[in-house]
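Q: This is what each chain is made of:
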Amino acid sequence: MAEVVTALGTNIKQVKKKENTFLVTFKRLIRNKLAVLGLIIIVLQIGMALFAPLITFHDPVKQNLNSSELPVLSAGHWLGTDNYGRDVWSRLVYGSRISLVVGFVAVTLGLIGGVTLGLLGGYYKKLDGVIMRIVDLLFSFPGILLAMLIIAILGTSLVNVAIAISIWSIPSCARIVRGSVLSIKEKEYIMAMKSLGASDFRIMVKHILPNAFAPIIVFATMRMATAILSTASLSYLGLGAQPPTPEWGAMISQGQAFMWSSPHLTIVPGIAIMLTVFAFNIVGDGLRDAIDPNMNVQ
Amino acid sequence: MKKNWLLLFTIITALLLSACGGSNKANNEASGGGKAKIPDTFTYASLTDPVGLSPIMTNDSASSNVTQHVYETLFKRDEKNEIQPLLAESYENPDPNTWIIKLKKGIKFHDGTDFNAEAVKYTFDKLRDPKTAAPRASLLASVDTIKVVDDYTVEIKTKNPYGPFLAALSHSNAAIVSPTADKKQDLMKQPVGTGPFKFVSWTPGDQVVLEANPDYRDGAPALKKLVFKVVPEISTAISMLQAGEVQFIDRIPSEQLSRVEGMKNVTIEKKQGTPEYYLTVNHSKPEFANPEFKKAIASAIDRDAFVAKLKGLGVRSDSIIGPQVFGYKESADKAGTPFDLKKAKELVKKNGFDKRPLKLLTSNKGNYVLMAEVVQAQLEEAGFKVEIETMEWAAFLDTARAGKFDLTFLSWSNVTGDGSEMLYPNFHSANIGNSNFAQYNNPAFDKLVDESRTTTDQAKRLDYLNQANEVMLKDDGAIIMYHDVVTAALNNSYKGLKLYANGTWDLSKVTGK
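Just so you know, the protein sequences line up as chains A and B, in that order. Here my numbering is used: the first residue of the first sequence is 1, the next is one more, and so on. Here my numbering is used: the first residue of the second sequence is 1, the next is one more, and so on.
If you're looking for bench data, these hints aren't it; they were derived computationally from the structure. In this text, a Cβ means the ideal position worked out from N, Cα and C, and glycines have one as well. Take these hints with a grain of salt, some might be off.
What the hints assert, rightly or not - Calculated cross-link-like contacts (lysine-lysine; reagent style DSBU-like; alpha-carbon spacing at most 35 Å): (1) B:Lys121 x A:Lys62; (2) B:Lys121 x B:Lys157; (3) B:Lys359 x A:Lys62; (4) A:Lys62 x B:Lys334; (5) A:Lys62 x B:Lys513; (6) A:Lys62 x B:Lys270; (7) B:Lys295 x B:Lys342; (8) B:Lys343 x A:Lys62; (9) B:Lys271 x B:Lys334; (10) B:Lys404 x B:Lys184; (11) B:Lys270 x B:Lys131; (12) B:Lys355 x A:Lys62; (13) B:Lys189 x A:Lys62; (14) B:Lys350 x A:Lys62; (15) B:Lys189 x B:Lys509; (16) A:Lys62 x B:Lys447; (17) B:Lys509 x A:Lys62; (18) A:Lys62 x B:Lys295; (19) B:Lys345 x A:Lys62; (20) B:Lys285 x A:Lys62; (21) A:Lys62 x B:Lys184; (22) B:Lys285 x B:Lys271; (23) A:Lys62 x B:Lys349; (24) B:Lys474 x B:Lys224; (25) A:Lys62 x B:Lys311.
As the list claims (entries may be wrong) - Here are some chain A residues pointing at chain B (derived, C-beta under 7 Å): (26) Gln63; (27) Leu65; (28) Phe104; (29) Pro243; (30) Ala257; (31) Trp260; (32) Ser261.
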């Protein structure tokens, strides 16, 4: 009875602490001015993607050969048109949808894979060896090369780009999660849980995983940056988005032949990629600083 | 943190400044180098390395750019596109199957041996020998026997009267090689011909170097040394032209035209050309060979709007035989299916052509990408569903040859400038599985093309070719996107470049100003 009461007591304390942790972290985060800037950019980006039909006035893939290569600040096209007469602003806005969605899907899939492998590897010594060798193998490939290999097998498309990036993200995530698992596994309350008869699964998911949240969230945010950059790179190489999809990397690749006559065709998507990647990196950095390493959620 | 702000600010400012100032800057910096003293070395920038330096074993423009300066042919088209004797002196047709060609005397190969009838027989026998497997053996496909009558007279008998024979003999792959040299060395690496320039060296992937032939029968060229330099990116080549590192480039893409026109140290020459670019369906699949399908596709493509995009570097004509090619009549300009979006939409709806996505094959070089994107957009407006499949040039050719496409773009240089040599390899059913990638199979068309090849009466040939042209246009066998305008950009310190309609050029008469 006493144990149950203690356990209950611990649970209540746990819940309270969790709420505090989020609030505290958030408060610390917004004290970081650069991170705030990053957050604003991300929110604007998401807003742009969500409200795309409301803020654009042209179809991003409709060609109009008679008004091609219009410069910035032309009538009806404030960012000009590309060499097929397509509105650059519309393509930029719809391109943000693609970058965010592909990035999110890739990171989520990567997390699922990485967390699973990391948990299993950290918790079960026997699996650890095998899992870590697989992780090492994936790590040994340069990221883009691994992604290109996967696309060569699966075919060129944005879906396969998401899959390729997620596979490439699994090793880093697995290592981080495994590290967290190893450090928490030996704590007394975990031993206590075990002796109470809690199942391995319950322990992993309800007790170990929440403690690994912090590094996972930081990882996921920074990974969004990498994923967005990789999507653009692969599409630039012709391996991701296929014409006429308005993806930022593909836009740069198409625009580069016009660098001398219409430089905005490469610079505008280039700035978009730069700002988005910068924003996610800054926020990730800020999160890492804001999460107090001494805090221990029990 | 302050550092991060500063960095961010600097980057954004720099980007914004370059965005606004971009095009103006490029034009003002134009008149860089390339004036004053004429360098001893004249450099041409080529997008690719030659495949080889023998006219017998090659069939690509990078190789023929070099071979055309080292070797010569019996006949050659002049700048008015008319066939003139070059190494030949004159010819006779005692009967439709016999050609007696008299050769010019006193010409020597670069290795000192004589140019004579033996050399001609040796070259042509080697070209058409199945064991040689020459890519352009078909140029001499109708030749039966070649006889040396005397040192400077050759008698060639054909199996059937072959109308385009002289045009075939003016093709760069029918150039005469030195038999002595060919028996001794590999002409692919060490060429020996009669031309105005002699071979010096070839560093594969980098450059080919030629030097003036002091004993050239027409007088030694003014240019002492010629370098054919490999520069894979056209925008880099244009920058080198601007800086004076390169004196000559050709094939200016339409999107770079305004940049080159703005350069003060360069003169551009444009000429209506023989190369052509077209869209075709895979005729081996009945659902695509279906006349209503082809009509729907043809009606959906606004070729006028497309050609307008080429900024003057394309000629708009429906005709399969281009305006600069023998066999062309102006009436063929509008003999194809006109652009009619309404009709296209009706045909698509009526036949359910929008049910299945179409695979449009294209290559990743030059205007192929432009054509693919524009046509995809236009076809989709008519209701078709189109996916573009882009490939690198060699892979593209293999895939097209294997028939792995629904629709594809293709092109043909028309080096001979003769309509039979365009229609026969590309669309005659005898060449299905070979050079007829479209797999076009029309017996009425075949018959007319055969007639055009088996008579030497040029007036009759013109008529047959025009009829074949119209038959194919009515049948929507191919949809011509545009006929090329060939271009050359030469440094202002030079003059005397000869640019031909088939896109080839001659540097032998180039001198400083």
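Q: Check the structure against each numbered hint from earlier and tell me which ones fail, lowest number first.
A: 1, 5, 10, 11, 13, 16, 17, 21, 22, 24 and 28
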